[in-house]
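Asker: Listed below are the residues making up each chain.
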Amino acid sequence: MSSGSYTQNRLKPVPERSRRSSGPGSRGDTAVAATSHVVLGLWSIVVILPLLWVFLSAFKSNREIISGSPLALPSSWSFDNFVLAWVDERLGQAMFNTVVVVGCALVLVMMLGAMCAYVLARFEFFGRRAIYYLMLAGLTFPVFLAIVPLFFVLQSMGVLNTLPGLVITYVAFALPFTVFFLYAFFQGLPSEISEAAAIDGAGKWRTFFQVMLPMATSGMASVAIFNFLGLWNQYLLPVALNTKRDNWVLSQAVASFVSGAGYQSQYGLLFAGVVITIVPVLIGYVFFQRQLQGSVTQGTNK
Amino acid sequence: MTTPVTGAGAPRSRSGTRARRKARWSFDNISFFLVFLGLPLALFLLLVIWPFIQAVFYSFTDWGGFSQEFEIIGFANYERLVNDATFKTALGNNIKLAIVVPFAVIVIAMIFATLVTVGGRGIGQTVGVKNSGFYRVVSFFPYVIPAVVAGVIFTKVFDPSNGLLNGLLPAGLRQNWLGQVSTALPASMFVIIWGAVGFYMLLFIAAIKAIPAETFEAARLDGAGRLRTMWSVTIPSIRENIQTAWIYLGIAALDAFVFMHILNNSGGPDNSTLVMPQYLFRLAFAQSQFGYASAVGVAMAVVTLVFAGLVFAINRLTGGSTRSN
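Chains as they are written, first to last, in this note's numbering: chain F, 1 to 302; chain R, 1 to 325.
No wet-lab data here; the hints were simulated from the structure.
Glycine residues also receive a C-beta, built at the ideal position from the N, C-alpha and C atoms.
Just to be clear, a hint being listed does not mean it is correct.
To be verified - Taking CB as the label site, the calculated pair distances span: (1) Val83/F with Asp28/R: 54 to 64 Å; (2) Arg174/R with Met215/F: 51 to 61 Å; (3) Glu214/R with Gly92/F: 49 to 59 Å; (4) Pro214/F with Ala213/R: 29 to 39 Å; (5) Leu39/R with Ala72/F: 32 to 42 Å; (6) Val279/F with Gly223/R: 23 to 33 Å; (7) Phe209/F with Gly64/R: 30 to 40 Å; (8) Val279/F with Gln287/R: 33 to 43 Å; (9) Thr35/F with Gly223/R: 19 to 29 Å.
Construct all of the structure, not just a fragment, from the sequences and the given hints.
Answerer: Have a look at this one:
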């Protein structure tokens, strides 16, 4: 059972294991350990260094970035770049749009995905298999193939270049993944409980919302995290279907810093924009780090 | 159910437990199916499946995108595709990505995962190196950075005049990393690998931890060294996870639009970093050749499916088990 292995992993945290190991090691072990630390340490530097550089540069003036040493501390910790990026480059607006769109889409896709997965996993009816494989197809086909006709579908519905249009598109494209993950989850839940609920007179709606859904919370949390990251990072769908500047999401705004004319020389501004984009995800990551690793663990044991 | 993950997890036949009761035509039942199945399915069909079907249809037309008129021209778009040098360049770049990126990511992630979980001691109980938690957290971090932002960061890291990389290198080694044919594609690949390693490392860590400790202990009692243990115990045990990783990474590399679009908007020097989706995007939205762009899209879908099939076939040929559960 996936939830079982999750707790099992949590009961055996790494520090405890390594404490047990701190007996005398052979000389070969020391050499291997040293090499390991060098290899892993080097990779950590490769990961951290660009981010540190971006962070430091965000506080620097243009002249300081061009003439100074790349990893030197800024001469003064000025927030000018951040203010410029947030207000003049309208990152604030884009951040607001992203939060609204991703928030709405996430709630909707979790709701619809859970409902759909529940029906597919626990009821036998004509066409069930066909729907399942259709979802599989939707998961494997490249989004690119759909993008052009999708443009016109949204246009004919009158929601092209609007936030609601983006929300329903996000929901539709996140649905297959959500359904797949939760399908396995609902199948794994014991059927005795839903039968007991039915015997006690609960209808199908009540059985789902009051009995089955609460039991699926851990699976829902994992899928929600992956969906959140996927939607927050989404770039292709908005860049093709949401071109009005007022409605831009964060990824579009940041991309425009590079591709747009006139930003080439404004390094500080660009770095500040990047920091503004990363910080919320970084904070979320630090808070949900344990949960996130649990999600990956669950994903593998499915 | 600790069966290893495979792409989609084929539906297990459990019809015995499922749906013993026949549906009755009550309001509760009808409204339940309409909302629970009808609503998501309608959205999915309208916004995902229907556009896909349309795209396949448009690939047989000369539709420009703006007028309502178009003619059905049969396979002309596909004939053009076969002789299109730019498309071949893009396809070639995607194939290079789909070979190099998954291989590099899996090898690096596998080595790191092994070090973190079982690399600590050569004999006795398996332990990871010290402070492995730190390495795990740091390595995973790029995964939560949006691909767009990672791309933006590295356009600046690779910047020839003020970039971090040239700033740290001695003068003789400085390059215009993204601006010359010889380094543009490898530099772009590096960015994708940078972003992906952490996630797959975590995936492999989870898989390795699920292997019973006795298996490792038995191998060690039999005198297997670290490399031998990794090759003969770890890798076979998490084979299904590696296959899944390979498919996910391959599909991502056959797209790679976001990274490539940000790193080199125009397709790079001599189209050396142009990928198929970029070409499609250019054809559809800049040159108004929607019919031909759709044909490129269909070709992409075919390449993706062929790739997934190849991975399964290779795994089967090299003795991978078909799932037994």
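Asker: Each hint should be assessed against the structure and marked as holding or not.
Answerer: Structure-based check of each hint:
1. Val83/F with Asp28/R: 54 to 64 Å: Since Val83/F and Asp28/R have Cβ atoms about 57 Å apart, the given range 54 to 64 Å holds.
2. Arg174/R with Met215/F: 51 to 61 Å: 59 Å, holds
3. Glu214/R with Gly92/F: 49 to 59 Å: Since Glu214/R and Gly92/F have Cβ atoms about 56 Å apart, the given range 49 to 59 Å holds.
4. Pro214/F with Ala213/R: 29 to 39 Å: At 34 Å between Cβs, range holds.
5. Leu39/R with Ala72/F: 32 to 42 Å: At roughly 57 Å between Cβ atoms, Ala72/F and Leu39/R fall outside 32 to 42 Å, so the hint is violated.
6. Val279/F with Gly223/R: 23 to 33 Å: 51 Å, violated
7. Phe209/F with Gly64/R: 30 to 40 Å: 49 Å, violated
8. Val279/F with Gln287/R: 33 to 43 Å: 39 Å, holds
9. Thr35/F with Gly223/R: 19 to 29 Å: 21 Å, holds
Violated hints for the displayed structure, listed by number in ascending order: 5, 6, 7.
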